[in-house]
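Protein chains: 2
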Amino acid sequence: MNKIYVVGIGPGAYDQMTGRAIRALNDSDVIIGYTVYVDLVKDYFSGKEFMTTPMKKEVDRCVLAFEEAEKGRTVSMICSGDAGVYGMAGLMYEVGKDYPDTELEIIPGVTAATGGAAVLGAPLIHDFCLISLSDLLTPWEKIEKRLLCAAEADFVICLYNPSSKKRHDYLQKACDLLMKYRMPETVCGIVSHIAREGECAKVLTLGELRDTNVDMFTTVFIGNSQTKELNGKMVTPRGYRGV
Amino acid sequence: MNKIYVVGIGPGAYDQMTGRAIRALNDSDVIIGYTVYVDLVKDYFSGKEFMTTPMKKEVDRCVLAFEEAEKGRTVSMICSGDAGVYGMAGLMYEVGKDYPDTELEIIPGVTAATGGAAVLGAPLIHDFCLISLSDLLTPWEKIEKRLLCAAEADFVICLYNPSSKKRHDYLQKACDLLMKYRMPETVCGIVSHIAREGECAKVLTLGELRDTNVDMFTTVFIGNSQTKELNGKMVTPRGYRGV
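Protein chains in written order, with this note's numbering: chain A, 895 to 1137; chain B, 895 to 1137.
Accuracy of the hints is not assured; some may be wrong.
What the hints assert, rightly or not - Example chain A residues on the side facing chain B (calculated, C-beta under 10 Å, incomplete):
| hint | residue |
| --- | --- |
| 1 | Tyr908 |
| 2 | Pro1002 |
| 3 | Val1004 |
| 4 | Leu1018 |
| 5 | Leu1030 |
| 6 | Ala1044 |
| 7 | Tyr1064 |
| 8 | Thr1130 |
To be verified - A few chain B positions that, by computed beta-carbon distances, are all more than 10 Å from chain A:
| hint | residue |
| --- | --- |
| 9 | Ser1058 |
| 10 | Glu1091 |
| 11 | Phe1111 |
No lab work stands behind these hints, which were simulated from the structure alone.
Since this is a predicted model, take the numbers as computed values, not measurements.
Glycine included, C-beta positions come from ideal geometry on N, C-alpha and C.
Produce the entire structure from the sequences given, and follow the hints as far as they go.
Encoded structure:
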């Protein structure tokens, strides 16, 4: 049986990886990923062969991994954060249907939601949801529905891919939808470049967030009705019956 | 400034911790936590002082941490999974209001949602939410509302604390609510003792899940309308427009 590890390397560089992830990469002959992520780990795994494919070439990247594995080489496919959260793990299983002799092992990592939460304080202490604002593979109506339901249910909401060149006003649109159920004073937070050079965090209100420009390296957090600011940190209580 | 690390140790034992978490524990004079979690890491950090408090004594545990820190000792408060997901990070900030000379550093870890997802396959590839079925600190009506909204919005749903002695029928009640919007054929998964001895995973339908007994060490996953079973694995596609 050939073997591919699908490895989440966490939000930043080496010391945010788990021991299990490091072991998998050390055990691999070839490490494959999107160029940016390969650059993050390259220096720590000398002697390995590295292969990259650009963004939007995810299927090609998966095929490349299976082809290398079929040569009998041990392969790691790396993703930033967790490979199973908007990551490559799902596509690897789908492409893997054509490669029945290759086994996948998914190695979890710290995703941007929990990595960013740690920088902001403790926003995700209670029920929360993750929503990607990218409509590349999901119709905007579906995203809109999820935003409205999440707001109505009083989830803490974490937004991935809040912006891009083509979608510069999507965060504003999302905030307007959320404000159908949430007060403009709702405590929110943004974190960019989590655990990397230039890490930057800010706690602000939903009303202020609406008029804030964020880039594609930013993760956005919208508090629930109980979330508060405590000494500059964003903190959600454990429950609704006091501490 | 005194210092407390609030550290997520991941779902299992040592090799699921990040390098940053290991560094914090090595850097600490005293490591505090719930008895079960302290036992998981104890052998790897000899020479440290360990302190434990039982379950439901979380506030006492926080006060203990701040009192130790005020003596000038470096303290780590450990949690299983991620300290910011139903963990101690929020309560530490709340209790910390009375200890202005002590600084908190939250160190993220792999939470049961992503740790369990990796065992099942790739269920969390698209928008998802976490809901705890424990009504110890949250009214059941609020949990019910979140289940219904999450089902309506077609989120993948991950359930924490699906069962306990007192709440043996809560998972059944939750499944019945979800089936107002989801087909009984919806692909689901359960994982228990993630990354520990006795790890056990199963893929099943929502209808089957309804009549399954799970214990408090189980994390439950309910797929969205696109989630499928692929060779025994639970896989959610990246989007709604094909691969």
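Against the structure, the hints:
1. Among the interface hints, the one on tyrosine 908 of chain A holds; its C-beta lies about 6 Å from the nearest C-beta in chain B, closer than the 10 Å criterion.
2. Proximity of proline 1002 of chain A to chain B holds as hinted, the smallest CB-CB distance being about 4 Å (cut-off 10 Å).
3. Checking valine 1004 of chain A against chain B by beta carbon gives a least distance of about 5 Å; that is within 10 Å, so the hint holds.
4. Look at leucine 1018 of chain A: its Cβ gets to within about 5 Å of chain B, closer than 10 Å, so that hint holds up.
5. At about 7 Å, the closest approach between the beta carbon of leucine 1030 of chain A and any beta carbon in chain B falls short of 10 Å, and the interface hint on this residue holds.
6. A hinted interface residue such as alanine 1044 of chain A counts as satisfied when its beta carbon comes closer than 10 Å to some beta carbon of chain B; here the least separation is about 7 Å, so the hint holds.
7. The beta carbon of tyrosine 1064 of chain A comes no nearer than 14 Å to any beta carbon in chain B, farther than 10 Å, and the hint placing it at the interface is violated.
8. Taking 10 Å as the C-beta contact cut-off toward chain B, the hint placing threonine 1130 of chain A at the interface holds, the least distance being around 6 Å.
9. No beta-carbon of chain A is positioned within 10 Å of the beta-carbon of serine 1058 of chain B; the least distance is around 15 Å.
10. Non-interface call for glutamate 1091 of chain B relative to chain A: holds, since the shortest CB-CB distance, roughly 16 Å, exceeds 10 Å.
11. Residue-level check passed: phenylalanine 1111 of chain B sits 17 Å from the nearest beta carbon of chain A, beyond 10 Å.
In the structure shown, a violation is registered for the earlier hint numbered 7 alone.
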